[in-house]
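**Student:** I would like the entire structure built from these sequences, with the hints used as guidance.
Chains as they are written, first to last, in this note's numbering: chain A, 1160 to 1395; chain B, 1160 to 1395; chain C, 1160 to 1395; chain D, 1160 to 1395.
Don't read these hints as lab results, they were simulated from the structure. Just so you know, not all the hints are guaranteed correct.
Derived lysine-lysine pairs resembling BS3-like cross-links, with alpha carbons at most 30 Å apart [said to hold, decoys possible]: (1) A/1213 with D/1376; (2) C/1180 with D/1180; (3) D/1376 with A/1180; (4) A/1376 with D/1213; (5) C/1244 with C/1176; (6) D/1194 with A/1244; (7) A/1180 with C/1180; (8) D/1194 with D/1180; (9) C/1176 with B/1180; (10) B/1376 with C/1176; (11) B/1180 with C/1180; (12) D/1176 with D/1376; (13) D/1180 with A/1180; (14) B/1180 with A/1180; (15) C/1180 with B/1376; (16) A/1194 with C/1194; (17) C/1376 with B/1213; (18) B/1376 with C/1213; (19) C/1376 with B/1180; (20) B/1180 with B/1213; (21) B/1376 with B/1194; (22) C/1376 with B/1376; (23) A/1376 with D/1176; (24) B/1244 with B/1180; (25) A/1213 with A/1180; (26) A/1213 with A/1244; (27) C/1376 with B/1244; (28) D/1180 with A/1176; (29) A/1194 with A/1376; (30) A/1180 with D/1176; (31) C/1213 with C/1180; (32) D/1180 with B/1180; (33) B/1194 with D/1194; (34) B/1176 with C/1194; (35) A/1176 with D/1376; (36) A/1376 with D/1244; (37) D/1194 with A/1376.
Note that the structure is a prediction, hence the values are computed from the model and not measured.
Protein chains: 4
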Amino acid sequence: MKDIQSLHDSRRIDIRKVGVKNISYPITVLDRARKTQQTVASVNMYVNLPHQFKGTHMSRFVEILNRFHGRFNLETLHLILEEMKQRLDAEAAHLEIAFPYFFSSDSGKDSFCSQRYDCRMSGSLQQQLDLVVEVEIPVPLGVSDPLQAGVIQAEGVWGTVRVSVRLNHFLWMEELITLIEDGIAPVAGSGSASRVEELCLQIDATLGSDDAFSWYKVVVENITSGYSISASVEGP
Amino acid sequence: MKDIQSLHDSRRIDIRKVGVKNISYPITVLDRARKTQQTVASVNMYVNLPHQFKGTHMSRFVEILNRFHGRFNLETLHLILEEMKQRLDAEAAHLEIAFPYFFSSDSGKDSFCSQRYDCRMSGSLQQQLDLVVEVEIPVPLGVSDPLQAGVIQAEGVWGTVRVSVRLNHFLWMEELITLIEDGIAPVAGSGSASRVEELCLQIDATLGSDDAFSWYKVVVENITSGYSISASVEGP
Amino acid sequence: MKDIQSLHDSRRIDIRKVGVKNISYPITVLDRARKTQQTVASVNMYVNLPHQFKGTHMSRFVEILNRFHGRFNLETLHLILEEMKQRLDAEAAHLEIAFPYFFSSDSGKDSFCSQRYDCRMSGSLQQQLDLVVEVEIPVPLGVSDPLQAGVIQAEGVWGTVRVSVRLNHFLWMEELITLIEDGIAPVAGSGSASRVEELCLQIDATLGSDDAFSWYKVVVENITSGYSISASVEGP
Amino acid sequence: MKDIQSLHDSRRIDIRKVGVKNISYPITVLDRARKTQQTVASVNMYVNLPHQFKGTHMSRFVEILNRFHGRFNLETLHLILEEMKQRLDAEAAHLEIAFPYFFSSDSGKDSFCSQRYDCRMSGSLQQQLDLVVEVEIPVPLGVSDPLQAGVIQAEGVWGTVRVSVRLNHFLWMEELITLIEDGIAPVAGSGSASRVEELCLQIDATLGSDDAFSWYKVVVENITSGYSISASVEGP
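**Tutor:** In structure tokens:
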């Protein structure tokens, strides 16, 4: 028994984390067309602590968040993580911010159009900042029209593409979304399951040939089946 | 002010309700093929009280539920409501039970098939029992195949039909589901919005011509649009 | 059968509704301190139609919503309903808008504090506009401190108070929230079930003695029980 | 550019996964007191594929699940994974099953008591089976009674403890739950944040001194705060 115990001790992973989760918080994010956009985020913050918990001051998480209120962007995200690490005396700090982002094209009366994209930013700071940006893009459901010899009309939502990336340089959220949407044709006809894989490889090719990304992950989900059918690939 | 106050008093609706909600509870329901089926329900129970609350014993709701454990059916539902009314000294008692119900057809190796139907029973007892049975039925998404001149193949879920009924006589859940499903063809081609209305009228006609129902409500929802498109009708 | 059929016909309720549900939409609402506040709403829109559906143009719902983009308030809500009724040739029009609303008090460094309140506005227009405003207010969980002879300290959330009102005159959302919060002390000690009823009657008294409300409903829910314990009252 | 490309190629992670998610499925699990318990599961199944997708037959996932219907336990879980790997020609297979599990102690009239525990089993098979069992246990909210000098009475739910384990030998779900519950006293008084950490270390000590576990993770969450406060630790 003694040997097993000492083995346990040497293998001890000892990852201790404390934090706060699901804080509903109003944030202001960058918007290429309109400079800023106010939206509502769900925020998670946590830190890795050395071997013992020592009565962590949980209220500090929210205090730090409040200090940066109204100035949320990639730069302040780094500063928030720095402050979390320092004030909570932590080895590493993590911040996750999920929010709906809306594209709005005001091109005249009745033509305003607003599409929702669910976004997420996850930052981790140990020695260096590691930032992952994620966006979920709806895939249109195309229905081929038998009267017009198979012409495909978009009608509803077939599923989603969720893309996570690590960036080599700054990119507007709009640029990331446009890049992915340009590669998505409406899905129709037979073979929704195989279509999941095709779409996944197609976006894999798009992201893999772009220098903006040092890493990416693509998850395609077909949500019209009662359950989800999904395919995913990581690269490059 | 005095006049307004007395006006207020005479108009006073004074509906006071207390209860418990979202109790997760294992129940046994009737199953035509297999006699009984165990499933997991979410239970709401509440009572209407005379003018003043008087320190209602909330724990009695769960005590009553426990007494009828393992014997849940339309008959015990009536008994539970009687006991709620009596033990909580109430003018009326209400019980709502929502649960997934599975059809299972064991017809040989590899051919087991299990479809989930979300059901709900809502009973109210003042002088007489009023019982509403509800079931949600998935509508298949049909895709017309251009290679076969518009032949429609079911592929995924287009939406749901939610039917609520008051019954003139006992009906197996299986009978209610079959009655509705027989009238639902896969939905394909253009016009998903107008299809919502067609389907609604089609089921309206089916239920309206059946003597089993003293009342019904039909809600059809197309869930493939990012948002829902719905149509509803009540009858007869 | 003939008699029953004619009976059915005479009793025929014939409520036909069509609409769209769960549209995620960015809106701008009035904010007393900051003039306006941008938030994200979930929108439902539907109309009551005469006896037959006639191929309702569902896309018009969203078109109408888009026309009033960025100008959402009690006045435009009335205009939206007018336009829904007219363009969809309906007997009645209904609009429900649910959104998180944040109070933000910027009173110096580190002291920004942002509390989320879930709000809902439901408007119906047949001949006249009927408007119901609803707000959900968290009730603090108080814990009595044995070292200080029962002093109660707020610590966490004990439950919620959901108040729905019909207004006699304009009221800021902030005024409605403050009115209710002033009457809520932290809940502690034994008797969480009876506390539900006390709190309900307390807010009933507050709202019933205020001329601002032509109708109200109060629902108090204790959410710390695995299930919910609730009490409700309508008035005046 | 050429160098970067070849660098990319050599770093290529190429994790390709396909699968199905959120299948609602009735299952029968082992129950120490009553031999078996029928409940409703949410099932995820996926496989890792070699470099290219090749038109995966997604329907096979559900076919395999159906073959083992009514015989779900740790042994069949292994067989399901074997069959997934083989029939889908995969490098690895994964199966996740989440379900509510109820303890029921029928000890006479009115004394039936049924507590829900959310459980999850996650199995992965590459060369060897790796199985993680997870259970979520509610932590009672204690309220100290000032009249009785700080006596703590359980009243509601303070939060949850979620324990994940890898087992050295078979353990009944009831044994795992009892082991953890024995170490949880009702939480009361000041310091809910620090209490999160104490509780986490306490269960860490319990699990770390038990030979049944080759690995474990403990996550404690206080859910009474509007947001969640959590602490976690992994061992041994």
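**Student:** It remains to establish, for every hint, whether it holds in the given structure.
**Tutor:** Verification of the supplied hints:
At roughly 19 Å between alpha-carbon atoms, residue 1213 of chain A and residue 1376 of chain D fall within 30 Å of each other, so this suggested pair holds. Our distance criterion of 30 Å between C-alpha atoms is met by residue 1180 of chain C and residue 1180 of chain D, whose separation comes to about 25 Å. In summary, the hint linking residue 1376 of chain D to residue 1180 of chain A is supported, as the alpha carbons are separated by about 18 Å, within the 30 Å threshold. Our distance criterion of 30 Å between C-alpha atoms is met by residue 1376 of chain A and residue 1213 of chain D, whose separation comes to about 19 Å.
For the given pair, residue 1244 of chain C sits about 12 Å from residue 1176 of chain C by alpha-carbon distance, which is consistent with the 30 Å threshold. For a cut-off of 30 Å, the pair hint linking residue 1194 of chain D to residue 1244 of chain A is broken: about 50 Å separates their Cα positions. For the hint pairing residue 1180 of chain A with residue 1180 of chain C, the CA-to-CA distance comes to about 29 Å; that is within 30 Å, so the pair holds. For the proposed pair residue 1194 of chain D and residue 1180 of chain D, the alpha carbon gap of about 29 Å is at most 30 Å, so the pair holds.
Restraint check for residue 1176 of chain C and residue 1180 of chain B: the C-alpha separation of about 29 Å stays at or below 30 Å, so the hint holds. About 11 Å separates the Cα atoms of residue 1376 of chain B and residue 1176 of chain C, which keeps this hinted pair within 30 Å; it holds. Of the supplied pair hints, the one linking residue 1180 of chain B and residue 1180 of chain C holds, its CA atoms being roughly 25 Å apart against a limit of 30 Å. Between residue 1176 of chain D and residue 1376 of chain D the CA atoms are separated by roughly 26 Å; this keeps the pair inside 30 Å, and the hint holds.
At roughly 25 Å between alpha-carbon atoms, residue 1180 of chain D and residue 1180 of chain A fall within 30 Å of each other, so this suggested pair holds. Under the criterion of a C-alpha separation no larger than 30 Å, the hint pairing residue 1180 of chain B with residue 1180 of chain A is consistent with the structure, at around 25 Å. A threshold of 30 Å between alpha carbons decides the hint, and for residue 1180 of chain C with residue 1376 of chain B the separation of about 18 Å falls inside it, so the pair holds. Restraint check for residue 1194 of chain A and residue 1194 of chain C: satisfied, since their Cα atoms lie roughly 20 Å apart, inside the 30 Å limit.
Of the supplied pair hints, the one linking residue 1376 of chain C and residue 1213 of chain B holds, its CA atoms being roughly 19 Å apart against a limit of 30 Å. Restraint check: the Cα-Cα separation between residue 1376 of chain B and residue 1213 of chain C comes to about 19 Å, which is no more than 30 Å; the hinted pair holds. A hinted pair counts as satisfied when its Cα atoms are at most 30 Å apart, and residue 1376 of chain C with residue 1180 of chain B qualifies at roughly 18 Å. Restraint check for residue 1180 of chain B and residue 1213 of chain B: satisfied, since their Cα atoms lie roughly 20 Å apart, inside the 30 Å limit.
Restraint check: the Cα-Cα separation between residue 1376 of chain B and residue 1194 of chain B comes to about 28 Å, which is no more than 30 Å; the hinted pair holds. Under the criterion of a C-alpha separation no larger than 30 Å, the hint pairing residue 1376 of chain C with residue 1376 of chain B is consistent with the structure, at around 27 Å. A C-alpha spacing of about 11 Å is found between residue 1376 of chain A and residue 1176 of chain D, which places the hinted pair at or below 30 Å, so the restraint holds. For the proposed pair residue 1244 of chain B and residue 1180 of chain B, the alpha carbon gap of about 17 Å is at most 30 Å, so the pair holds.
Restraint check for residue 1213 of chain A and residue 1180 of chain A: the C-alpha separation of about 20 Å stays at or below 30 Å, so the hint holds. Pair hint residue 1213 of chain A plus residue 1244 of chain A holds up; C-alpha atoms about 15 Å apart against a cutoff of 30 Å. Between residue 1376 of chain C and residue 1244 of chain B, the direct Cα distance comes to roughly 23 Å. Compliance with the 30 Å bound is thereby established for this hinted pair. Proposed proximity of residue 1180 of chain D and residue 1176 of chain A is supported: the alpha carbons are some 29 Å apart, at most 30 Å.
The hinted pair formed by residue 1194 of chain A and residue 1376 of chain A meets the criterion: a straight-line CA distance of about 28 Å does not exceed 30 Å. The straight-line distance between the Cα atoms of residue 1180 of chain A and residue 1176 of chain D is roughly 29 Å, inside the 30 Å bound, and the hint therefore holds. Distance hint between residue 1213 of chain C and residue 1180 of chain C is fulfilled; the C-alpha atoms sit about 20 Å from each other, no more than 30 Å. The hinted pair formed by residue 1180 of chain D and residue 1180 of chain B meets the criterion: a straight-line CA distance of about 29 Å does not exceed 30 Å.
The suggested pairing of residue 1194 of chain B with residue 1194 of chain D holds, with an alpha-carbon distance near 20 Å, which does not exceed 30 Å. A C-alpha spacing of about 38 Å is found between residue 1176 of chain B and residue 1194 of chain C, which places the hinted pair above 30 Å, so the restraint is violated. With a C-alpha separation of about 11 Å, the suggested pair residue 1176 of chain A and residue 1376 of chain D falls inside the 30 Å cut-off, and the hint holds. Of the supplied pair hints, the one linking residue 1376 of chain A and residue 1244 of chain D holds, its CA atoms being roughly 23 Å apart against a limit of 30 Å.
With a C-alpha separation of about 44 Å, the suggested pair residue 1194 of chain D and residue 1376 of chain A falls outside the 30 Å cut-off, and the hint is violated.
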